[in-house]
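Same order as they appear, the protein sequences are chains D and G.
With our numbering, the residue at position 180 of the first sequence is 180, and numbering never jumps.
With our numbering, the residue at position 373 of the second sequence is 373, and numbering never jumps.
Bear in mind the hints are in silico, worked out from the structure with no lab data behind them.
One or more of the hints may lead you astray.
Here are the computed lysine-lysine pairs in the PhoX-like style, where the Cα-Cα straight-line distance is at most 20 Å [claimed, not checked]:
(1) G:Lys405 with G:Lys419
(2) G:Lys134 with D:Lys6
(3) G:Lys116 with G:Lys134
(4) D:Lys179 with G:Lys106
As the structure is a prediction and not an experimental result, all values here were calculated from the model.
Here is what each chain is made of, one letter per residue.
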Amino acid sequence: MNKVKKLISWNAFPALLLFVIFLGINGIMTGGLSVSFFRSFISTNAGAICVAIGVTATILVAGTDISLGSIVSLVNVVIVTAFEKGFSVPQAATLGLLSALLCGMFNGFIVGVMRINPLLATFATSTAFAGIALWILPYPGGYIDFSFGDWYLGNMFGFIPTPVILIGILVILWILVMKLPMGLHIYALGKDVKKAYASGINVAALRFFVHTFAGLAAGIAGICISANICAGSPTVGSTMSMNSIAAAVIGGVSLNGGIGGIWGGIFGASFLSILISIVVSANLSSVVQSFIQGLILLIGVTVSIAAADKELKTKIKRAIGGKR
Amino acid sequence: MGLTFQKISKKYGAVVAIKHAEMKIDNGEVRAILGGNGSGKSTLAKVLGGLISKDTGEIIFDGNVIDFKSPKDAKKNHVIMTSQELSLFGNLTVEENICICDIPVKGVFADKKKIKEKSLEILKVMRLENIASKKVEELAPNQQYMVELAKALVQDPKILIIDEITSALYREDVEIVDDIIKNLKKKGCIVLFISHRMAELYAMCDSVTIMKNGETLGTYAMQEKTESELLLLMVGMKVDTTRERKNHQTESRKDIFIKAPHIKIPSYGTEESLEIGRGEIIGVAGLQGHGQTDLIDALYGVFGEIKLEMDENEISIHNSRQAVTRGFAFISGDRERDGTFQERNLAENVAAVKELVKHEKITDTRAILDSFNVKYDNPGQLITALSGGNQQKVVVGRWLSTKPKLLLANDPTKGIDVKARSDLHKEFAKLAGEGSAVIMISSDDDELVNVTSMVECSRVIVMYEGHISAILEGASITRENISAAAMPIEEKTNVDVAERGGLDE
């Protein structure tokens, strides 16, 4: 009983619930859930989940990062171009990952050390990163050896799908960070910068770290997407930034910082992904598609925020329960 | 050895916060710093704590010049500061908060068991073991202050700065703080104690430094000066202190205009009733968290519908907006949360209720600010530019300009200086004199005794476990009677209190 209560009051619970419900709807529509469905679902959407993990880290310290989508695009074009220039697939992927890390560190430097507002800073760097991506590969095209795709769609250690391992790397890394003293400091910083500073917490270093982590997450997302499509497109990640923030909010991560966790980002992103696949498979016209997507997104965000609002909860309780 | 301040000064832009501060404190000395709001004492504390940098001067501790670049730097040298604004994080638990400045580790990871042990050890001293795993945002303000102090103690201070911490504590907490400070003294720790409560300063401090307008005026042994001498030095003029008071009027017929037969106290699940007369000041006393805040919140419609009889009409109030339109006003001691609009200027802060809720025009903001003796440059400046006491006067100005019929005040003089405090008391008495009523909670019993003596018609109700345990009137309003009624089990019998009767049935 207690465990059930704990689960229900968990920040990420509404997102998990939404995900499960829509998974069921999708199952009904496509006639049953199969292992192959999960495999294709996870390999298509691992990128979105990784970006959501990254952006959640920045939101937890009361910041944000809207440049992650551009970093994903950049990683994609770096991998394609490097492969075409004669690097091997692992080398190209490493180069992509490194460029994402550099972008993240740059964001971290601007936000943490220069103390520029994270929204403005990453808006600016987002445009810059997107520009670099276009400069490297002006048109969609290029090609990566299919061994990359095979590796990505295959298993590691025998039975675990590669995308799950890639997401797992981020999750384990984050869990380890949470176990460090730094974990508490991140939540403290998210609650109040001034108090965090007065408590002797190194604010600049923490901000630098979360943006670097977000860069890493975007890098892994870039690898996932590149391997999934095995081609290059300089705008492949352009819609991911905002979607990932919405995912985090649906997952119960407070935009004011200090509340929530990466599971919120993961479930939020999973829900959004399944939602998109349902709307796409319903064979609606593209105009109606985006309208419905937007509408459900709005409902999702509203519901999850309402679920987290204690005062609102008591008000609703009072309204339903009558006089108390 | 000890701690020496030499020729410290600090300017914020054109505003001089500290003009010239100079003092010397010995090891193991507890030094009070006394001054009006805006006299520079908090700034001086922040300079020492590494929160802000000084412009000129030197601080010497045990023979070494110290100049901390950040609070982290100060903490490394065991200079710990507890601040007026609190440094706790509401989203973390009490034990996490206590250890956040120096989280114990096992290898590289945070050691949860150690965190628990370390914080329990200190919480035991404060008799607060039961709150260790609660989140700080769930605690009452005075408990938060205790946790703030615990957070400082855990860092093994050599210099401890206590800035206003006791202004929200209740009597039993103050005793614990007193014990803790005596202990620190024994270890040779220097304690800088900033408080407005004279009784505490006399009880805990060895010596006192007076600050006024950014200058240190002088240092005296605590016993050398009387309270009124200190106040005279501090404000440069005579103030009615809590000790000098008029006699209470004995029993006068009340002109009841509000009847509240069912006031819910959700913390205890109890109900109380209250009849409020015109021109009356009702003080609400009691130990911390015995339902005083609930009583006021309930009247203001915070807990949903409350039925009242007002001027012989049945009315019901569902929320604070309706309360305001009925002529209620609400002043809280928690300015940051319930009082000021921080990012707004003085004019907007004054106008908030009258223009936005009651849709009446305010013609002259300056006149309102001046009539409450607010110290300000112009109505366009941000409210955060003022000192705490002046901010509170702006909030009071906001409400009193609406000519309320009932003023609800929850510890309204928390953390403001003696002068501002007595100014507020006068305003409350004036309001009562005009035929309105004031209900005021205070954690300071002396304050209640004082403020209720200023009007003809007054009562002090004492709350215990969600019930009104005593109603004191006239000459029975004394500090002793309030204390006794606040802990009715122990001393109930030998005190002459007007026991409340007939209401429980």
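Now for the hints, and whether the structure bears them out:
1. G:Lys405 with G:Lys419: Violated, at roughly 26 Å.
2. G:Lys134 with D:Lys6: 15 Å, holds
3. G:Lys116 with G:Lys134: 12 Å, holds
4. D:Lys179 with G:Lys106: 10 Å, holds
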